[in-house]
Amino acid sequence: MAAPDPAAYGALSSVLGEPTQPTIPLNKLAPEAALRRLELAIVRRLEGFLHGDHLGLLPGPGSETNEARVYQPGQDDVRRIDWSVTARTNVAHVRDTISDRELEVWALLDVTPSMNWGTEGVTKRDLGIAAVATIGFLGQRVGDRFGGYIMRPDRIRRLPAVSGRSALYGVLRRMLTEPFVPDHATGSMSLAAAVEQLSRTQRRRGLRVVVSDFLTPGDHELDPNVEPEWERSMRRLGVRNQVLAVEVVDSREIEFPDVGDMLIRDPETDFERYVNTADDAARARMDAASAAQRERIRIALRRAGVGHIQLRTDRDWVQDIARFVLAYRRVASMLHAPPQGVTR
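Residue numbers (the working numbering): 301 to 644.
Think of the hints as simulated: they come from the structure by calculation, not from any bench. Check before you lean on any hint, since a few could be wrong.
[Unchecked claim] So the derived label-pair ranges between C-beta atoms look like this:
| hint | residue 1 | residue 2 | range |
| --- | --- | --- | --- |
| 1 | I456 | H520 | 35 to 43 Å |
| 2 | E555 | P460 | 38 to 46 Å |
| 3 | A592 | G464 | 27 to 35 Å |
| 4 | A592 | E420 | 18 to 26 Å |
| 5 | G518 | D561 | 34 to 42 Å |
| 6 | D523 | D566 | 15 to 23 Å |
| 7 | A592 | R474 | 17 to 25 Å |
| 8 | G560 | L522 | 35 to 43 Å |
| 9 | R615 | D483 | 45 to 53 Å |
| 10 | V526 | E555 | 19 to 27 Å |
| 11 | P517 | D587 | 18 to 26 Å |
| 12 | R603 | G560 | 36 to 44 Å |
| 13 | P517 | T477 | 22 to 30 Å |
| 14 | M489 | T386 | 52 to 60 Å |
The beta carbon of each residue, even a glycine, is placed where N, CA and C say it ideally should be.
Based on the sequences and whatever the hints tell you, model everything.
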């Protein structure tokens with residue numbers, strides 16, 4: 301009897317072996333119907349997080365100077381008075397600033413072997429690309445530029461920043477066609493090193509999206525008080541940029557199924573072990589360890605001060621991202637609201 305062809309099982313082929321092709325076609329990465337449905341409800345309200353109109357990347361109107369005008373007592377900030385114009389005219393003037401209209405978005409995509417796995421019709425790697433696509437299309441405005449970094453175990457590949465919908469499709473196509481990393485591939489590149497390189501090479505402030513499962517090979521620590529090696533790099537990246545960490549997980553990484561004896565292996569290390577998932581106690585211990593691992597990641601990202609959204613292969617990623625952005629927008633509007641009785 302001939303052996304089954306793993307390619308015939310779609311994303312499930314990642315369980316039987318290494319995937320050979322993407323599980324999401326390019327035209328499904330940014331579902332047009334879903335984006336049109338979200339446009340009125342979401343896009344017009346992204347100004348606080350995805351910088352829809354880009355009134356400065358930090359609270360404030362921008363950094364480029366504009367024309368001077370007469371000072372309005374009670375309405376203008378005295379710190380913006382232009383003293384040179386005031387001295388020449390003997391009338392107090394303030395100088396407006398030009399809002400930052402162009403946003404530069406850089407997405408770092410993790411394509412290490414642990415991302416080549418999925419049991420719900422899509423691999424974690426392709427779910428990460430779908431997240432990049434959704435954020436790119438929802439946050440896109442005229443003049444905005446979108447670039448990417450692809451992190452492999454041995455190196456990091458840079459995709460130049462481009463503007464326009466067609467160019468964004470080109471970036472996504474290159475991410476989809478990036479060769480798959482075989483299991484147990486070795487190299488010196490880690491998530492911490494990749495984030496450091498992104499922070500070091502892209503000095504202009506903007507939005508940074510880090511897409512990964514945030515699992516470090518050989519790191520079995522479950523104590524949330526112990527920092528993962530990438531936490532400090534994420535914190536540094538967030539000093540000058542707005543950072544969104546997209547954590548991609550598969551449902552079977554969180555809830556182990558009852559399928560009897562099962563071989564559990566780590567595609568990035570030599571760890572292999574048979575586990576009897578029919579044993580309720582054993583399955584409960586594995587679920588608890590997985591939950592503790594994800595909780596440690598959540599706490600570390602919160603300590604780093606970055607936005608965090610978890611996407612699962614068994615849920616609609618467009619709706620999850622939209623729900624997150626709306627919640628983040630509400631929080632940002634409350635934090636940046638002027639004190640009671642004071643107008644902007």
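Do the hints match the structure? See the list:
For I456 paired with H520, a C-beta distance near 26 Å fails the hint of 35 to 43 Å. At roughly 40 Å, the beta carbons of E555 and P460 sit within the given window of 38 to 46 Å. The hinted window of 27 to 35 Å between A592 and G464 is violated, with their beta carbons roughly 44 Å apart. The hint said 18 to 26 Å for the Cβ distance between A592 and E420, and at roughly 23 Å that hint holds.
The given range of 34 to 42 Å is broken by G518 and D561, whose C-beta atoms sit roughly 25 Å from each other. Distance hint for D523 and D566: a CB-CB separation of about 20 Å, consistent with the stated range 15 to 23 Å. Roughly 36 Å separates the CB atoms of A592 and R474, a value that falls outside the hinted 17 to 25 Å. Checked against the hint of 35 to 43 Å, the pair G560 and L522 fails, with Cβ atoms roughly 26 Å apart.
Hint check: R615 to D483, Cβ distance near 26 Å, so the stated range 45 to 53 Å is violated. Checking the proposed 19 to 27 Å range against V526 and E555 shows it holds: the Cβ atoms sit about 25 Å from each other. Taken as a hint, the range 18 to 26 Å holds for the pair P517 and D587, whose Cβ atoms sit roughly 22 Å apart. As the Cβ distance of R603 to G560 is approximately 40 Å, the hint placing it in 36 to 44 Å holds.
A hinted range of 22 to 30 Å for the beta carbons of P517 and T477 is consistent with their spacing of about 25 Å. At about 55 Å, the CB distance of M489 to T386 agrees with the hint of 52 to 60 Å.
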